[in-house]
Amino acid sequence: MTATVAAPETPAVRRVPVVRGYRFELVKLLTQWRVRVLIIACWLAPALFVAVVSQQASLPVDTLFGRWMHSTGWAGPLVLLGFSGSWALPLLTSLIAGDVFAAEDRLGTWRHLLVAVRSPRRIFVAKALSSLTVIVVLVIGLVVSSTVSGLLVVGNRQLIGLDGHLLSPGNAAGTVFLAWLCALAPTLALAAIGLLGSVALGRSPMGLLLPAVVALAMQIVQQLPVPVAFRLALPGYAFISWNGLFTSPAQLGPLLIGVIVSLAWTLVATGLAYFLFVRRDFTNPTHDGSGRLALTAGLLPLVVLLGVTTAAVAPVTGFGSGIDQDKVQRAVAVEFAHLYRLQTKQLNRADVTEEQLQAAAECTKGGDQVAARGPGNDWRCVVSWHIPGVAAAGSAIYQLDINPLGRYVADGDGPKEVNGFFLVRTPSGDEPNPLWQFDGNIELLPVNPKG
Amino acid sequence: MDAPPTVRARDLAKYFGEVVALDGVDLDVAPGQIHGLVGPNGAGKTTLLGLLLGLAVPDRGTLEILGTPVGRALAVPEGVAGFVDGPGLYPSMTARQNLAALAALRGDTTLDIDDAIDQVGLTDVADDRVRGFSLGMRQRLGLAAALLTKPRLLILDEPSNGLDPAGKKHVYGVLTRLAANGTAVMLSSHRMDDVEALCSEVTILSTGRVAFSGPISKLASENSELDYRVRTSDPAAARRHAADARGIRLRDQDAIQDAAQDAAQDAAQHAVQDGVEVLVISASVPALDEFVKRLVGDDIAVRELAPVVSPLEAAFLALTEQQETN
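Chain order of the listed sequences is A and X. 0 is the number of the first residue of the first sequence in numbering that gives the first Met the number 0; add one for each residue after it. 0 is the number of the first residue of the second sequence in numbering that gives the first Met the number 0; add one for each residue after it.
Don't read these hints as lab results, they were simulated from the structure. Idealized CB from N, CA, C, for every residue including glycine. Check the hints yourself; a few may be wrong.
As the list claims (entries may be wrong) - Reference excerpt, derived from the structure (chain X facing chain A, CB under 7 angstroms, subset only): (1) L54; (2) Y89; (3) M92; (4) A236.
What the hints assert, rightly or not - Far from chain X, by Cβ distances over 12 angstroms, these chain A residues were calculated: (5) T174; (6) L180; (7) P248; (8) V302; (9) V315; (10) G319; (11) E353; (12) R372; (13) V381; (14) A392; (15) P426.
Stated by the list, open to error - Which bits of chain A does chain X cover? Going by a derived footprint, with three or more residues having C-beta under 8 angstroms, they are: (16) 24 to 32; (17) 116 to 123.
All chains should be modelled from the sequences, with the hints used to inform the complete structure.
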């Protein structure tokens, strides 16, 4: 059956623009029940969590800002940020970015997609952008949901920073959103690792789990006594270093390094995923993109990046733990002064300034048996201060548990008039005693004592 | 003016490492032609269809599609559609959403989704999720996705997989209409009856090489001998004639079984069950002609004369046997 027909003009090769490919990928993602459930969960679950926790008697004091969830609505999104950095964001990136390429392998739709779009490069860009969009929508859901709930249930009140200074509600709002924005950088890095895993590991479930596994590995490393340079070179450090925004002055050094490292990982991992993807042979039915070459090409450059970043950061950070006696004493003294002033206001006493208090701390580690540096739960500080018009200096004792990240919990050990009681009686009722136990943060980078 | 061939391939070769998927393949597909592609597993059918869809470029040879040389991957001209290795659908979407997403991807608002769905007979399930579709329904929806773009070259890999007889008839109707309107259709299949029913020309591939390419009718003349079933008014006389005739061999049950030709075996057994003696002979076309003339000349009525297996199937089986022997 051979027909003879007039030859129509042959249309030129037409590639699908990235915008259309992006919309196509977005539609595919949003029709998946798993993605829909995640979106609903991210927009509702944080609100529920903050509302419930803010109403219960015991607070999540192990989580940063958890002890202030009764006091201000701005603590809710920060507690959620701490939790999300550890668990939620790595899992979300796994489920979205970790599956965006592997799903086509599973469904056997690569060839169909390539014939329709006609450009692996554009497919890659469209997939990367669409998965990024969904991840951002999920993160916005976490922020908005927890913030709105916190403000409605607890209220738009002052937030106590990690050095005890007070942030006005407006200031707190800006800083909370900035903290979440900073956490977006390591989220992107994990998403890029997810893309890489999805491309390099094909149908293997390991591709889907890669961001979560990498995040877990990074958390384990962060709990080990590794040099601070290595700690900051890990792409997840910005999940931790946002804490520095809540001191005055802000500890911007670790935060900036963390964000830059995360963005570098994002670029390199995305570039590797792209490199592997455009080289894939889609005509070979036995090849799903995975294999030793893909693993080597995907893994080795990231190991090299980690080494290079560590070497680049080391001159700034040194190879120690970043925690020494001077830093601990300074951090505890500054925070105590801020919180003492807060307690003074709660007790309706005459206001004093931090300068008038001249607070100082003498800290030792392990009862002088070991060098006073590094993390540990055997730090002990004696804080002294002066009240105007009173000759004798006051003093209070604190036991400190400092973790390798520089975060500490100071537990009051007397006198009971200062830090012995959990609550203080104020004219408006009982409130948590800010000096009984407080969280703080030691900057791991070398600091100028005047700063 | 005469339209250029929709597909013109010369000396195509494709390698996957040390595996030779295609080697020296020539192919011509004219507009309006339904061209079948058959061959044993691993013969290179999917690879060839992949090249026609632009999924890869040949390692050697030239390929022109719709008059345009194809020099790099994914650079086939507009007007080529189809699928290899399954229709490529997204199970979380409905049938209509799958096609709508594809139409949106092409940015063509004139594409008639409802018409494409209607053409393949899926209107009733257009808003059902593809997750619940049978294989046959997916095949039909895959065809609808290809039809959506009004292709001038349609590539289909095993399009009748999973189709029930009614679905198959429906799809055949669609393909025949398309061809009548000038679209070239290239389809691969393991079902010889499908290929014979639909295709005017066929290419048989074996281990990456073309074993035959041309009209199916030509296959019969190229095959030196085929098995035929003969039913006459006088079976005993017919048997004597067959035994005496030059170029005719009587096939007994054992021989048929030895050849592992199930169709022939079935046919012979069926004849015995009916209590009617049916001759199964092996003959070339000229010898068969002579045999029929002798029967008619001896006043023996020929009531049935049909190949036990079709020329295409015989060629395919011969190739398969040859491959197994090798």
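Here is how each hint holds up against the structure:
| no. | hint | result |
| --- | --- | --- |
| 1 | L54 | 5 angstroms, holds |
| 2 | Y89 | 6 angstroms, holds |
| 3 | M92 | 5 angstroms, holds |
| 4 | A236 | 41 angstroms, violated |
| 5 | T174 | 40 angstroms, holds |
| 6 | L180 | 32 angstroms, holds |
| 7 | P248 | 50 angstroms, holds |
| 8 | V302 | 28 angstroms, holds |
| 9 | V315 | 47 angstroms, holds |
| 10 | G319 | 52 angstroms, holds |
| 11 | E353 | 59 angstroms, holds |
| 12 | R372 | 56 angstroms, holds |
| 13 | V381 | 63 angstroms, holds |
| 14 | A392 | 70 angstroms, holds |
| 15 | P426 | 59 angstroms, holds |
| 16 | 24 to 32 | holds (count 5) |
| 17 | 116 to 123 | holds (count 4) |
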